[in-house]
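Enquirer: Protein sequences appear in the order of chains A, B and C.
Counting in full-length UniProt numbering, the first sequence runs from 1 upward without gaps.
Counting in full-length UniProt numbering, the second sequence runs from 1 upward without gaps.
Counting in full-length UniProt numbering, the third sequence runs from 1 upward without gaps.
These are calculated hints, taken from the structure and not from any lab test.
Model, not experiment: these values are computed from the prediction.
Careful: at least some of the hints might be erroneous.
For chains that are exact copies, the list does not tell them apart, and a pair is met inside one copy or across any two.
[What the hints assert, rightly or not] In silico DMTMM-like cross-links for lysine to aspartate or glutamate, where the CA-CA straight-line distance does not exceed 25 Å:
no. : residue 1 : residue 2
1   : 25        : 597
2   : 25        : 72
3   : 25        : 569
4   : 25        : 283
5   : 25        : 163
6   : 25        : 472
7   : 25        : 136
8   : 25        : 56
9   : 25        : 422
10  : 25        : 102
11  : 25        : 450
12  : 25        : 97
13  : 25        : 358
14  : 25        : 62
15  : 25        : 642
16  : 25        : 397
The lines below spell out each chain.
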Amino acid sequence: MSGARVAEGMMLFGADWNPEQWPEKVNDADLRLMREAGVNRVSLGMFAWSTIEPQDGRFELDWLERLLDRLDAASIGVNLATPSAAPPWWLLDAHPEIQLVDAQGRRVPGGGRLSWCPSSAVFRHYATRAAAVLSEAFGRHPALSLWHVGNEFGNENAQCFCDECAIAFRSWARRRHTTLDTLNRAWGTAFWGHGYTAWSQITPPRTTRNPPDPGLALDYRRFCSDQLLAHYRAEVVAIRGAGSTVPATTNFMIAQGADAIDHHAWSAEVDVVANDHYTVAADPERHRELAFSADRARGVAGGGPWLLMEHSTSAVNWQPRNRAKGPGEMRRDTLSHIARGADGALFFQWRASTAGVEQFHSAMVPHAGVHTRVWREVCELGAELARLAPVTGSVVERAEVAVLWDAQAHWAMDAARPPTIDVAYPLLPERTHRAFHRRGIRVDVLHPDDALAGYRLIILPGLYQASAGLTERLDAAVRSGMHVLITALSGIVDDTARVIGGGYPGAFRELLGLRGEELLPLQPGQRVRLSDGSTAERWVEHLTPTTSRTTATFSDGPLRGLGAMTRRELGAGTVRYVAAVLAEESFDALAGALTAELGIRPPAAATGTAVDLVRRVAADGTGFLFCINHGAEEAEIAVYGEDLLTGRVARGTGAVPAGGAAVFRERRTSLSGGHHDERGQS
Amino acid sequence: MSGARVAEGMMLFGADWNPEQWPEKVNDADLRLMREAGVNRVSLGMFAWSTIEPQDGRFELDWLERLLDRLDAASIGVNLATPSAAPPWWLLDAHPEIQLVDAQGRRVPGGGRLSWCPSSAVFRHYATRAAAVLSEAFGRHPALSLWHVGNEFGNENAQCFCDECAIAFRSWARRRHTTLDTLNRAWGTAFWGHGYTAWSQITPPRTTRNPPDPGLALDYRRFCSDQLLAHYRAEVVAIRGAGSTVPATTNFMIAQGADAIDHHAWSAEVDVVANDHYTVAADPERHRELAFSADRARGVAGGGPWLLMEHSTSAVNWQPRNRAKGPGEMRRDTLSHIARGADGALFFQWRASTAGVEQFHSAMVPHAGVHTRVWREVCELGAELARLAPVTGSVVERAEVAVLWDAQAHWAMDAARPPTIDVAYPLLPERTHRAFHRRGIRVDVLHPDDALAGYRLIILPGLYQASAGLTERLDAAVRSGMHVLITALSGIVDDTARVIGGGYPGAFRELLGLRGEELLPLQPGQRVRLSDGSTAERWVEHLTPTTSRTTATFSDGPLRGLGAMTRRELGAGTVRYVAAVLAEESFDALAGALTAELGIRPPAAATGTAVDLVRRVAADGTGFLFCINHGAEEAEIAVYGEDLLTGRVARGTGAVPAGGAAVFRERRTSLSGGHHDERGQS
Amino acid sequence: MSGARVAEGMMLFGADWNPEQWPEKVNDADLRLMREAGVNRVSLGMFAWSTIEPQDGRFELDWLERLLDRLDAASIGVNLATPSAAPPWWLLDAHPEIQLVDAQGRRVPGGGRLSWCPSSAVFRHYATRAAAVLSEAFGRHPALSLWHVGNEFGNENAQCFCDECAIAFRSWARRRHTTLDTLNRAWGTAFWGHGYTAWSQITPPRTTRNPPDPGLALDYRRFCSDQLLAHYRAEVVAIRGAGSTVPATTNFMIAQGADAIDHHAWSAEVDVVANDHYTVAADPERHRELAFSADRARGVAGGGPWLLMEHSTSAVNWQPRNRAKGPGEMRRDTLSHIARGADGALFFQWRASTAGVEQFHSAMVPHAGVHTRVWREVCELGAELARLAPVTGSVVERAEVAVLWDAQAHWAMDAARPPTIDVAYPLLPERTHRAFHRRGIRVDVLHPDDALAGYRLIILPGLYQASAGLTERLDAAVRSGMHVLITALSGIVDDTARVIGGGYPGAFRELLGLRGEELLPLQPGQRVRLSDGSTAERWVEHLTPTTSRTTATFSDGPLRGLGAMTRRELGAGTVRYVAAVLAEESFDALAGALTAELGIRPPAAATGTAVDLVRRVAADGTGFLFCINHGAEEAEIAVYGEDLLTGRVARGTGAVPAGGAAVFRERRTSLSGGHHDERGQS
């Protein structure tokens with residue numbers, strides 16, 4: 001990440017616009033409506049390859065130039081997409097081998113999108129040529145604000161198993177492991193007699209009658225992410241080679257606990273972190289999932305501003321039951337992203353499609369047109385975001401609690417044939433974030449390699465694989481006063497997906513002062529009580545404290561009387577372990593006990609618990625307190641300052657209506673205190 | 001449909017008979033038993049290709065001729081099958097390419113049945129040659145009563161995705177859309193950049209990582225039905241070319257809401273509409289599903305008599321749990337079909353197979369032989385059907401309520417990536433039919449192109465796609481006094497599966513006098529109350545009345561306070577809308593309110609609600625009131641006339657025993673009154 | 001089965017040891033720990049092909065020789081594996097055609113295990129060459145105690161559908177059926193026109209749009225088991241050809257009701273019956289499943305001693321939720337197998353893998369090392385088994401109840417398109433065994449061809465297919481005083497999977513004195529009451545008694561008032577039928593009534609019902625009463641003799657602690673009495 005600013009002094013607002021899919025007169029209307037709504041940014045051309053290059057090497061760009069000119073005239077910036085998400089039929093017809101092969105060995109035919117093989121030299125040739133042509137044509141166009149390279153890398157092509165990938169994977173594996181001996185050891189191929197005696201024997205983990213070797217499966221996920229990144233880089237090189245210096249990015253999919261690619265590794269390669277996020281209809285607390293995803297996105301952005309590249313005004317079209325958003329919900333969602341560091345919020349898409357797979361996806365202009373609630377709310381939101389211009393460039397106040405998340409740990413757990421099917425990687429991080437969110441406590445989401453200093457409490461929720469050096473850094477941090485909570489399913493394997501012997505959790509047992517003997521998945525519906533009143537489900541562990549002491553025991557179940565939670569005092573801090581998957585309400589209680597003990601509080605006092613409070617702080621110390629009320633009753637916030645949305649000034653108390661929001665600009669104050677409370681100063 | 005009569009003056013009774021699967025002496029016994037049971041019609045040869053043509057071009061027909069002669073001697077008519085349902089191994093071995101390719105690209109191997117590709121020129125050659133040979137040999141045989149072309153077209157081969165189909169589909173698409181521009185517009189290919197630049201790029205919607213484009217998927221269903229129909233026609237041409245003028249048909253599968261083919265389009269091509277129907281073990285109200293399917297079959301037959309080509313004496317073998325029928329149930333089922341217009345009822349099959357995939361399918365002669373309840377009931381039924389000869393040729397009295405059903409709308413909904421998985425096409429028509437059936441109100445099932453005149457109430461239950469001209473015809477009908485009820489999920493797309501913009505339901509919003517803004521699928525278990533006491537589930541819609549008035553509002557849920565039902569007075573009639581999927585009991589209540597308001601009543605008064613009452617009327621005005629008692633108590637019917645089954649005469653009141661049936665021949669009366677009530681005349 | 005003894009005078013104890021997967025120094029530690037644990041037998045080399053033969057034809061055996069020498073020095077015997085379970089990559093690379101093709105036509109790629117085609121000539125060449133090389137090298141080595149040929153034949157390769165199998169299947173079918181006419185009749189190919197006119201048309205039952213013909217599907221299962229057996233034999237021939245006379249076997253998978261191969265047919269070919277067994281985490285009564293599997297294994301071994309080749313110290317890794325065993329549970333499991341005839345109990349595996357697919361499978365040495373409960377229990381168990389040396393060679397006392405089990409009946413039911421999905425073959429045998437096990441009554445599991453004499457009660461629980469001659473042998477046995485209980489779903493088809501006509505159950509209706517008319521699967525949740533208070537579920541049958549009398553009728557449901565159970569007196573015995581699947585508790589009650597009526601009692605009196613009591617009897621008449629207490633309270637057993645585990649002597653009463661076990665050596669007594677009770681003699 002080059003640290004390019006998302007935008008200069010304005011909160012971005014707009015959408016994917018696909019004018020090539022509509023008649024000219026609709027385009028005219030669109031431009032008028034965009035002004036009405038306050039749109040200042042659109043993404044163009046994502047699926048326009050067949051329009052841009054209708055035949056091999058014949059490019060038609062006039063239409064696009066006209067649009068860029070008109071957008072420029074309208075002061076609407078453009079994220080110009082390279083079109084690789086949607087290769088045209090002439091290319092698929094001539095080169096079916098650009099399409100990925102699935103784990104069953106089936107080449108995916110044309111007709112969808114994004115199913116190209118990331119190792120395909122032919123595809124890379126065509127994709128980079130198109131990128132270069134666009135860069136030459138528009139790389140210096142005044143409307144061009146950001147390159148939007150491809151689309152949602154990995155969404156349909158997270159893994160390809162073709163022979164071209166096999167060849168590339170052998171090279172990748174050789175670079176990583178140097179010798180076959182090292183590789184055989186790393187992957188543990190001796191088990192089931194899979195020892196390789198020639199590099200050419202290495203193949204992708206295609207479906208057999210058994211699960212793949214975990215070491216191989218993990219490396220293959222890494223390889224696939226690297227191949228996609230290599231493709232991304234090649235497109236950027238083509239853009240730069242054609243002379244454009246405009247920042248470039250691609251839209252990540254940090255949402256719902258997914259890791260199609262390793263966002264941390266990618267973040268160094270994009271000029272701006274951009275993310276797509278859609279709420280989950282089936283989740284009654286979907287705004288908490290949003291908060292977690294936004295916190296993850298900010299973590300990937302290194303804490304600085306990022307761009308919400310896609311979200312929706314109302315329903316999406318790809319969930320089993322695509323719930324429409326209620327009145328005010330779009331606004332709360334958008335402001336929640338901005339509160340958590342987004343310097344702009346775009347939608348997929350501008351105008352609802354009437355045909356195609358996404359015909360029932362909501363848009364800024366719905367099927368029913370502008371005499372609709374959705375359109376009215378869109379216009380109101382555009383006006384409000386304009387009033388939030390002062391917020392841009394500010395950073396979200398550091399939280400006191402951090403949660404570690406690592407795509408590598410995620411993939412390692414996916415790669416295992418696990419002791420139970422009931423604990424997938426995202427479960428524990430999600431449950432952890434949600435527990436604090438329910439109490440109004442902000443959480444930063446860090447990568448294990450990020451600096452840990454400055455936090456009161458660091459949590460490793462099921463961090464299945466510990467990256468190198470993490471244990472030592474945690475040890476040092478604890479000695480200097482930090483508190484660490486590690487949960488079951490953490491630190492079990494090393495970076496080759498190999499179990500660390502000698503007692504679970506191998507990576508952390510010395511730090512924790514305990515030795516785990518056995519992992520005990522529970523059966524469906526089985527619950528275990530703990531001596532502190534907690535309830536465990538899905539998973540418990542048999543441990544023996546060494547240098548730690550037991551703070552709770554199992555009251556029943558297979559480990560009755562044995563230790564369930566431990567605490568070790570170490571220097572100025574503590575390290576705690578929970579040898580169980582706690583039920584949601586028990587994890588909530590644990591979060592409550594920890595925050596009480598450590599004196600961790602929400603960023604401001606508020607009535608009720610339904611208000612999400614996040615403070616962004618500008619370079620000059622100005623605070624912006626975002627207050628988003630997800631509840632059914634008006635809330636009162638202890639705050640001083642002007643609500644940028646309404647212009648009303650709060651003098652000690654600010655009201656936020658049920659389902660509403662406020663953004664208070666707070667008086668400048670010291671940043672050093674962590675908490676930002678002006679009460680004493682008023 | 002040529003309008004050939006099903007049979008001349010007798011109620012057909014019999015089964016599929018597969019004598020080639022049994023020893024000669026069993027055939028002898030079968031012929032004796034057929035006489036005992038009153039069989040007057042059998043279907044022969046459906047799976048006999050390998051017996052008829054044991055080697056390429058070598059036909060062995062003597063055995064068949066002998067059987068036809070013996071059947072003729074026994075006065076048993078024959079539906080002679082062309083054998084295309086079961087290509088022999090020598091053909092599969094020489095031409096594996098006659099088998100269909102599935103959406104995954106896998107060619108289905110031999111060993112099943114009916115899996116031939118409808119575009120295969122090779123298969124058509126062999127199938128039509130066999131048909132011609134049979135026609136030459138037996139086309140004038142006195143036993144031959146009906147050609148039974150193939151079997152259940154589309155059951156295993158509703159769609160093929162092979163390259164031969166791809167070529168045929170390109171021609172089909174060219175005929176339909178003329179130019180690629182038109183086609184691209186129709187299918188909305190611009191979305192996701194699927195624009196075709198050459199006809200050769202068009203391929204069947206094989207499985208990709210995404211759902212197919214709805215416009216393409218819909219056209220492919222149409223194409224497949226057309227290809228199957230072309231094959232059917234080719235076989236008929238071969239039969240006619242060999243000189244036979246005996247009527248021809250094939251057995252449809254109008255059952256359980258399925259539309260493997262477009263029965264309406266096919267009905268013009270068959271000389272007699274024939275249908276296969278099997279009750280659904282898991283459905284506690286399976287007799288209502290039967291009634292709906294029979295009403296659909298009659299609708300396909302244009303209201304005239306049709307033939308029940310297959311049903312079962314007891315259990316089938318292909319459901320998860322194959323329930324056996326209880327005492328009297330086969331009789332009620334058979335008579336229910338006849339009540340609804342069938343002029344005969346045949347079974348699959350005559351004698352239960354001991355081997356093969358259908359070895360546990362019931363038959364007229366069960367595994368256990370003739371000392372069985374099933375055989376006794378078969379013989380009693382045969383005797384009863386003989387007494388119903390006077391009924392043949394009569395037509396079912398026109399209902400006052402009609403429901404529109406359209407395979408095109410069905411396929412369009414299947415082709416969409418829908419807002420919710422919880423509302424498949426058949427749900428709303430089925431729920432509608434069932435609501436009226438529970439109240440004893442008869443329903444005709446019409447195709448949208450059928451004449452609408454003469455009905456009091458027309459219902460469009462989730463008619464997702466409106467065919468051309470329907471809105472105008474409804475408008476005219478309403479102005480002249482008809483009442484129309486349209487439910488949610490109707491009229492959303494045009495005939496290219498494209499959403500009609502400007503407000504839902506695009507096709508009907510002017511007629512309805514409202515504008516819908518948004519579609520709101522509900523989550524599982526979510527219920528919404530309406531102000532009239534109704535409950536909605538699965539789906540609600542946000543609408544604004546324009547020229548209509550709101551008759552019920554949502555009392556809670558996402559649209560609290562907004563309109564849920566509307567009514568527009570238009571000329572002498574009304575148009576109503578229900579902007580929700582009503583729970584079954586609420587839809588029942590709505591049906592009750594409508595019938596009360598419009599004065600729609602059952603065809604005769606009866607005690608209780610368990611008696612299904614249907615009147616057929618002969619050309620001379622004689623009525624035949626079918627009374628089928630599905631309840632556990634004797635019912636009394638207000639009727640005058642002789643029960644053809646028992647010979648007993650009802651003078652104002654007829655009794656129908658629990659689980660029993662009666663068919664009263666009513667005195668001749670005027671047909672014009674719609675209702676046929678002699679009470680005043682007695 | 002040659003009748004080789006499992007071992008000479010010692011109870012085998014040990015595990016699969018995979019030293020090639022670990023560094024040398026771990027091997028050194030392993031040998032020390034094996035002595036500590038009392039290990040006297042290890043299995044070597046199962047997955048070591050790539051180590052033994054790293055390149056085509058280059059064998060490296062020195063490492064193995066050193067290990068054998070060291071094991072010999074440590075007095076640890078070796079089961080030396082031929083390595084065919086895990087073909088090396090160089091072989092897979094050169095000959096991908098050795099891998100099986102699945103029913104969809106997909107060749108399984110390398111990367112798993114055991115997926116070789118049993119018909120592959122190439123694979124057989126390589127596998128037998130490796131076996132011969134091992135035999136030449138180690139066939140006379142003093143450590144070699146048993147050849148362990150391959151591993152779990154059929155686990156991943158129970159069926160292959162490749163063209164090489166197709167060719168072999170044609171030969172197999174020709175040998176079995178001689179002519180195509182016979183074959184066509186046997187398979188009932190006339191149905192659906194599948195009649196073959198050339199042998200070359202016969203293909204494996206690859207997946208079509210329909211289920212396969214039952215006759216074909218059943219023969220294909222037989223063929224596949226035969227092909228696997230041919231491969232086993234070929235490996236043994238190679239071993240013998242190289243001069244080794246050490247007994248040979250392979251590990252069966254008699255567990256959880258599975259029949260990957262026909263163990264009865266295979267038992268004649270192995271020198272010792274060996275079995276793998278793992279308990280089922282999701283089954284709360286998993287010790288009963290263990291008992292049934294062990295009784296099946298003993299039945300396959302003809303009643304004599306057998307070897308438990310694999311079980312687990314704690315969790316496995318391949319179930320959805322891999323439950324760890326509780327304290328004492330491993331010991332109870334091991335002793336339960338020994339009680340039921342095992343002369344040794346080995347584990348998979350010695351040392352827990354840290355990598356590979358089975359990294360979370362428990363072992364004798366866990367991940368956490370030797371300071372663990374599991375290791376302590378392993379050492380205690382090793383010491384105890386040493387004290388059980390006197391038990392070896394003894395045989396399990398004949399039970400009074402026998403249950404018939406037949407893989408052929410199992411496969412026949414699997415091959416059918418059945419009337420219901422709710423009754424798979426193992427259900428009724430399992431429910432039967434469990435009912436008696438709950439009452440402490442021992443059950444022998446016999447093959448239908450086994451001698452039936454000597455039992456009081458023989459049960460045919462859902463023996464879907466009756467083998468030739470069984471009915472006559474049952475008839476004779478009953479006349480001479482035996483009692484027979486036959487349940488629903490027995491005797492329905494013959495050995496070609498063809499329904500036996502004339503009334504169900506065709507094979508037994510004369511013997512039973514009844515005639516069944518119809519099979520009536522029930523719907524989910526549907527229950528039917530019987531006049532004796534029983535409850536039926538899933539399935540009832542309509543029958544008419546002929547020479548039997550009805551002992552219970554259906555009180556409700558579709559057969560209200562008709563017979564549900566019958567009894568026929570025949571000579572000195574009785575034959576009974578249950579025309580329903582009884583609910584578990586009702587089957588338990590029936591078992592109780594039968595045992596009471598026939599005076600069948602447990603082998604010894606005990607308090608409570610949680611103690612599993614099994615007596616083994618030595619050639620000299622010494623009894624060994626195994627008492628395994630699965631309950632939570634101490635139990636008292638009426639017994640005289642010394643507990644071999646503790647050395648304590650019981651004089652009329654022996655105590656077995658909660659969760660504990662005892663093995664009492666009883667005074668020599670007559671074997672003739674069946675029951676072995678010394679009370680009167682003390």
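Enquirer: Does each hint hold? Answer for all of them.
Expert: Hints versus structure:
{"no.": "1", "hint": "25 to 597", "result": "neither (64 Å within a copy, 48 Å between copies)"}
{"no.": "2", "hint": "25 to 72", "result": "within (19 Å within a copy, 72 Å between copies)"}
{"no.": "3", "hint": "25 to 569", "result": "neither (71 Å within a copy, 36 Å between copies)"}
{"no.": "4", "hint": "25 to 283", "result": "neither (40 Å within a copy, 53 Å between copies)"}
{"no.": "5", "hint": "25 to 163", "result": "neither (47 Å within a copy, 40 Å between copies)"}
{"no.": "6", "hint": "25 to 472", "result": "neither (64 Å within a copy, 28 Å between copies)"}
{"no.": "7", "hint": "25 to 136", "result": "neither (29 Å within a copy, 64 Å between copies)"}
{"no.": "8", "hint": "25 to 56", "result": "neither (29 Å within a copy, 63 Å between copies)"}
{"no.": "9", "hint": "25 to 422", "result": "neither (54 Å within a copy, 37 Å between copies)"}
{"no.": "10", "hint": "25 to 102", "result": "neither (42 Å within a copy, 42 Å between copies)"}
{"no.": "11", "hint": "25 to 450", "result": "neither (51 Å within a copy, 38 Å between copies)"}
{"no.": "12", "hint": "25 to 97", "result": "neither (39 Å within a copy, 49 Å between copies)"}
{"no.": "13", "hint": "25 to 358", "result": "within (22 Å within a copy, 61 Å between copies)"}
{"no.": "14", "hint": "25 to 62", "result": "within (17 Å within a copy, 73 Å between copies)"}
{"no.": "15", "hint": "25 to 642", "result": "neither (43 Å within a copy, 72 Å between copies)"}
{"no.": "16", "hint": "25 to 397", "result": "neither (46 Å within a copy, 53 Å between copies)"}
Figure legend: structure checked against the earlier numbered hints; hints not met, in rising order: 1, 3, 4, 5, 6, 7, 8, 9, 10, 11, 12, 15 and 16.
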